[in-house]
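Residue numbers (this note's numbering), protein chains in the order written: chain A, 1 to 120; chain B, 1 to 433.
Be aware that a few hints might be false.
[Stated by the list, open to error] For each label pair, taking beta carbons as the anchor points, the in silico distance ranges come out as:
#, chain 1, residue 1, chain 2, residue 2, range
1, A, His59, B, Tyr139, 25 to 31 Å
2, A, Ala71, B, Ala4, 57 to 63 Å
3, A, Met65, B, Gly411, 15 to 21 Å
Keep in mind the hints are simulated off the structure, nothing from the lab.
The beta carbon of each residue, even a glycine, is placed where N, CA and C say it ideally should be.
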Amino acid sequence: MTFLGPLGVALAVFVAAIVAVLGLRRLGDALNDPALTAPERVPFAGGLPPTVHAWSRYHARYYVMALVFLAFDMEMVYMYPWAVVFVRTGGIAMVEMGMFIAILLLGVLYAWRERALDWS
Amino acid sequence: MRAALARFAAGAPVPVFAVAGAGAREAVQDLRCRAEVRLVETPGAASVLLVAGAIPDSLAEPLARVHDAMSHPRATIWWPIGAPRGEALAAFPDLRLVEDDAMQTIVGVHRELLSGRRRSEPPVLPDVDPAPWRGVGPYGQGGSGMTGGTPYGRPMAGLGSDRDGLRLDVLPLRVGPFFPPFPAGLVLEAKLAGDVVVEAAVAPNPLAAGPLPRTAVRPGLRPFLRALVEPVGVAELELARAREHLRGLADALATHQLPSLGRRVLRLAARVGPGDAGLVRDLARGVSWTQLLRWSTAGVGRLARDALAGLGLGPVARAAGLAEDARLDDPAYRELGFEPVVHRGGDAAARWRQRLAEAAQALDLAARAGARRTGPVGRVESPRGRLEPSSAPTARLLPLVPGLLPGLEWGDAVATLASLDLDLEEAAAAEVQ
Chain A
1 MTFLGPLGVA
11 LAVFVAAIVA
21 VLGLRRLGDA
31 LNDPALTAPE
41 RVPFAGGLPP
51 TVHAWSRYHA
61 RYYVMALVFL
71 AFDMEMVYMY
81 PWAVVFVRTG
91 GIAMVEMGMF
101 IAILLLGVLY
111 AWRERALDWS
Chain B
1 MRAALARFAA
11 GAPVPVFAVA
21 GAGAREAVQD
31 LRCRAEVRLV
41 ETPGAASVLL
51 VAGAIPDSLA
61 EPLARVHDAM
71 SHPRATIWWP
81 IGAPRGEALA
91 AFPDLRLVED
101 DAMQTIVGVH
111 RELLSGRRRS
121 EPPVLPDVDP
131 APWRGVGPYG
141 QGGSGMTGGT
151 PYGRPMAGLG
161 SDRDGLRLDV
171 LPLRVGPFFP
181 PFPAGLVLEA
191 KLAGDVVVEA
201 AVAPNPLAAG
211 PLPRTAVRPG
221 LRPFLRALVE
231 PVGVAELELA
241 RAREHLRGLA
251 DALATHQLPS
261 LGRRVLRLAA
271 RVGPGDAGLV
281 RDLARGVSWT
291 QLLRWSTAGV
301 GRLARDALAG
311 LGLGPVARAA
321 GLAEDARLDD
331 PAYRELGFEP
341 VVHRGGDAAA
351 RWRQRLAEAA
361 QALDLAARAG
371 ARRTGPVGRV
381 ESPRGRLEPS
391 SAPTARLLPL
401 VPGLLPGLEW
411 GDAVATLASL
421 DLDLEEAAAA
431 EVQ
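Modelling step: build the complete structure from the supplied sequences, incorporating the hints.
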């Protein structure tokens with residue numbers, strides 16, 4: 001491949017990707033059932049057709065858990081620079097980080113009290 | 001190359017979607033223990049649709065929908081098991097009939113399908129959209145605005161309030177009558193907010209719509225129906241009870257994704273005899289030791305003792321601490337010193353512990369019964385509770401379901417229904433006695 005040079009390699013990868021995509025599409029069309037009837041396209045729920053669309057806006061129950069996780073995840077990010085200055089600053093940095101974590105923990109306790117961590 | 005691949009594929013277990021009508025539950029269940037077939041949970045994964053037993057005419061359209069949901073190549077096999085060919089199968093032109101050995105027919109049809117000797121079946125239902133939508137609306141998608149009209153043929157779900165005070169979609173869902181985890185014929189009309197059931201209703205029993213002759217009832221039920229009209233040997237009745245409980249558990253284990261344990265229970269159900277209570281107790285210890293069933297059933301679908309009092313709901317009532325049992329009124333059982341087994345809790349886990357304990361007790365009773373026969377007729381304790389002509393335990397239990405399911409996640413709702421061991425066939429047979 002070295003004789004192609006860096007630009008040539010990139011071009012070869014690009015062409016190969018295009019060919020792969022077109023080839024897979026042709027293969028998909030060839031394997032696909034030609035035309036499904038309306039009852040054949042319906043998801044199976046025991047033999048009765050659905051009455052409404054499956055496009056449905058529902059409550060993402062895990063969003064509070066996701067937010068709590070995110071809060072602690074970002075806190076870990078703050079801890080890296082803190083760990084660097086901790087050696088120099090000592091006790092005061094320890095207290096500051098304790099306050100920071102305490103505030104976050106209050107948030108978790110609040111979410112818990114609001115029953116946000118219950119699934120159903 | 002193609003022929004070699006087809007030969008290779010034909011050697012694999014046949015993916016079968018089985019529809020068990022009246023009289024066919026045991027026969028279809030026993031297929032789980034056979035290596036030649038694999039019972040799949042959706043028709044999309046099957047190449048053979050096995051229709052067994054009597055399918056009422058009112059279920060013709062759902063059966064056709066099951067057929068059309070299969071992917072190609074597909075074939076339909078009818079296994080009558082004594083039932084006449086009804087209207088439900090009239091629309092299937094290429095139906096293959098099981099003459100003697102079902103397994104041979106299934107494997108043979110699958111080979112023919114893969115080798116191209118048998119044509120894949122065309123759809124049964126016409127290609128008609130559920131509602132006209134093409135060309136309607138600003139983009140021809142059938143809708144207008146965010147949720148108006150019938151985009152792509154179906155209306156959008158309606159709004160309902162969520163527990164967080166939000167207004168979100170509530171999805172109405174009709175599940176059944178051929179949903180594998182449910183008993184054949186059960187249609188649950190649920191409303192779901194996300195994965196939580198907010199409302200539930202049960203459609204009328206389709207099996208009870210037409211006459212269900214005694215000969216069309218599955219063998220495991222026949223002793224109990226016979227005991228309604230004549231004295232029956234206690235040993236026969238109790239052995240049938242133990243087998244029914246074990247078969248019910250085997251179905252539930254398959255629903256709980258524990259198929260190999262389910263097969264073990266099925267094999268045990270086929271071979272237990274009077275005096276094998278030890279085997280059932282070993283199984284009960286094994287099931288409770290592994291905790292497999294307990295994780296998914298503890299605290300699920302709790303029925304209060306007071307709600308069950310007087311309904312004669314057999315193991316469901318006794319699992320909630322009620323010592324109700326029609327056998328207590330029978331002199332033959334009194335002579336044997338029969339005392340009902342009772343558990344506490346009333347949840348799905350307690351119901352399964354109860355049924356296993358009752359299966360072991362039934363085998364004990366069968367061993368000691370000798371030639372004793374049941375005394376009073378017109379009333380018998382079936383594996384599901386007090387069975388009387390025109391009053392089956394399932395018919396009395398179904399009205400409790402709409403109050404039991406709301407608030408449960410969908411998986412727990414299915415586990416709850418499995419633990420109630422509903423039997424629409426028994427209910428239909430009791431109605432026509």
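Hints, one by one, checked against the model:
1. His59(A) / Tyr139(B): 25 to 31 Å: Taking Cβ atoms as reference, His59(A) and Tyr139(B) lie about 29 Å apart, which means the hint holds.
2. Ala71(A) / Ala4(B): 57 to 63 Å: Distance hint for Ala71(A), Ala4(B) holds at roughly 58 Å.
3. Met65(A) / Gly411(B): 15 to 21 Å: holds, 19 Å
The structure is consistent with each of the numbered hints, conforming to all of them.
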